[in-house]
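Keeping their order, the protein sequence lines are chains X and V.
Read left to right, the first sequence gives residues 1 to 291 (UniProt numbering).
Read left to right, the second sequence gives residues 1 to 384 (UniProt numbering).
These are calculated hints, taken from the structure and not from any lab test.
Just so it is clear, CB atoms sit at the ideal spot from N, CA and C, and this is done for glycine as well.
A hint or two may mislead.
What the hints assert, rightly or not - The calculated label-pair distances, taken between Cβ atoms and stated as ranges, are:
hint, chain 1, residue 1, chain 2, residue 2, range
1, X, Y262, V, D361, 49 to 59 Å
2, X, Y262, V, A63, 46 to 56 Å
3, V, A63, X, G101, 38 to 48 Å
4, V, L367, X, V269, 35 to 45 Å
5, X, F132, V, G266, 14 to 24 Å
6, V, A186, X, A265, 47 to 57 Å
7, V, D83, X, L275, 20 to 30 Å
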Amino acid sequence: MFAELLQYMLSGLTIGAIYALAGLGFSIIYNASHVINFAQGEFIMIGGMASATLTASGVPLPLAILIGCGGAMLVGVAVAKFAVERARDASTVTLIIITIGASIFLRGLAELVWGKDFKRLDAFSGETPIQFLGASMQPQSLWVVGCAGVLIVAIGLFFNKTLTGKAMLATSHNRLAAQLVGIDVKRVVLASFALSAALGAVGGAVVAPITFSYTEMGIMLGLKGFTAAVLGGLGHGPGAVAGGLIVGVAEALGAGYISSAYKDAVAFVIILAVLLFMPNGLFGKRGAERV
Amino acid sequence: MRIRLLSTMAAVVGLTLGAVTGAASAADPIKVGAIISATGPASFLGDPEKKVLELYADRVNQAGGVAGRTVQLTVYDDGGAADKAASFTKRLIESDKVDVIVGGTTTAATMAAAPLVERGEVPFISLAGAVVIVEPVKKWVFKTPHTDRMAAEKVMDDLKKRGLTKLALVSEDSGFGKSGREQTLAVAKERGIELVADETYGAKDTDVTAQLTKIRNNAAAQAVLVFGLGQGPAVVTKNYRQLGITLPLYQSHGVASKEYIRLAGGAAEGVRLPAAGLVVASQLADSDPQKKVVVEFTKVYEEAFSSEVSTFAGHAYDGLMIALDAVKRAGGTDKAKLRDAIEQTKGYVGTGGIVTMSAKDHMGLSLDAFHMVEVKQGDWALVK
């Protein structure tokens, strides 16, 4: 009984950590530009695909992840520069639709570059399951949770301790005022896209050994990440992390105790309930404009 | 996306009697339409299917065509979406005016296209697995792959041989998995196997440990059968080993491609599944009538695409060959005659087995067409 619950929790926390990273990506971009970037899932895909294909062709894993990360950042900046920035005067809804277009474009491009089949990435430290109080988990789960944890802490420090981070934070609070004190808001937007892309790409790389990577892996992960961000309150970093973990665990518990057929439905029931009953999410304070 | 392989050979080579039947019809190409999921989640099935159709349409044309007529192939990619499959079927029937349709990579696509071909009265040879496609028999619908019912029967026979009677089922939440589940439930009842667990997972799930934990805690289960396609079964296999479950693991014929072994890696060792002779081509006995066909097909495919052959590629080959063979016997492409000729296919030796269709059986394969194989050292091995 307890072992069963523990097993569900472990599964939920592993996948929840990835949702948290995706959700954090949504929040960072939302803060800087008020855009909900639906290409976030594609950043995850780029990270996963790049690391899987590069290691398969002999590149050492850390380097492969770095290249994937760099590639995703470039793509992120390109999306911001050539798609989002050019439509700066358009309404938020239009911008969001532009990001959906960008995500479809990136998926198509990835299919051309990497092909349509599933790529396999070996687990970072073997596949011997770790037994833990009657539950078992893949060593890769520790990597996923660990990397997510480190990144989340690093992002927190970045926003609160560095000047650039503070500038980004300031922009999210009041764009005009930030501009008045000399913050280059355009660059903040670019930086936010690059940062989110890097987060997504690392997430994609560490989760690839568990999920396999393929060009459409980003769709569901992106949507779940969005759910996480909304649940935590859009734009609220720690909220997105909590939201991701909650969605992951809720899914695993739903699959275990209710029915595995409704696993994906759990996340979407959550998002509907949040939007209907507490549109500011669990931690969101201000009454932001919803679309 | 449409690809037209226009004939390059205009010369009429007198191959069969058909060439003599009249100059007018001989000049017209045989229009073969195809709806394939070349992209999307079922692309690992559809991509080889599309390549095989194109390759063999070319080869047939270079060899002088069929009955002196060239084959003109029109392929549409439904991206794995059933609604697109339906609209492309409509287009094939109404604007391309094809003589025969091969395809429907997935059961869902096939079932979406079926009412349209029935109404349009165009012979349709599906490449999808579920038994619902040919049961009940639909006048214009045929299929080449083995059914999920046969897979379930083959697995249960193997269980009985090993003296196991209690099976846990994990099926995918897709057309293939759902139909497989229904068939497994039905076959289990017939053969006296008790189903002690009945779990499902989503086709794109990345973690199935929750479902498998339930099975692990179910003391009654003696073996586990997974019914799914694509990466799902590979995820299940990995999670299965992760949880340290030691019961025999069976998969359906839906994973009978090297892709599965590659994705699941070491976790796939010892997994058993029913598969067509094609995947174990070189291990078949020389006396096996299929041996020559499958070895030849494997050679052609692997030379052309320098990738390993999969059973799905074989289904497309069988579909095209059955259609063209029927054109020969029907002496043309009159749709009603062509349909009758397909239904009368007898003793065709294909990659899936020996096909003998009838008015009651629009697939024409018997249980012998399946071989039980086991994954050993990263390759398929015939279970004796």
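Here is what the structure says about each hint:
Between Y262/X and D361/V the beta carbons are some 38 Å apart, a value that contradicts the proposed interval 49 to 59 Å. With their beta carbons about 53 Å apart, Y262/X and A63/V fall inside the hinted range of 46 to 56 Å. The hinted window of 38 to 48 Å between A63/V and G101/X holds, with their beta carbons roughly 46 Å apart. A hinted range of 35 to 45 Å for the beta carbons of L367/V and V269/X is consistent with their spacing of about 44 Å.
Checked against the given bound of 14 to 24 Å, the beta carbons of F132/X and G266/V, roughly 22 Å apart, stay inside it. The given range of 47 to 57 Å is broken by A186/V and A265/X, whose C-beta atoms sit roughly 28 Å from each other. Range check, D83/V to L275/X: Cβ separation about 27 Å, and the 20 to 30 Å hint holds.
Hint violations for this structure: numbers 1, 6, all remaining hints satisfied.
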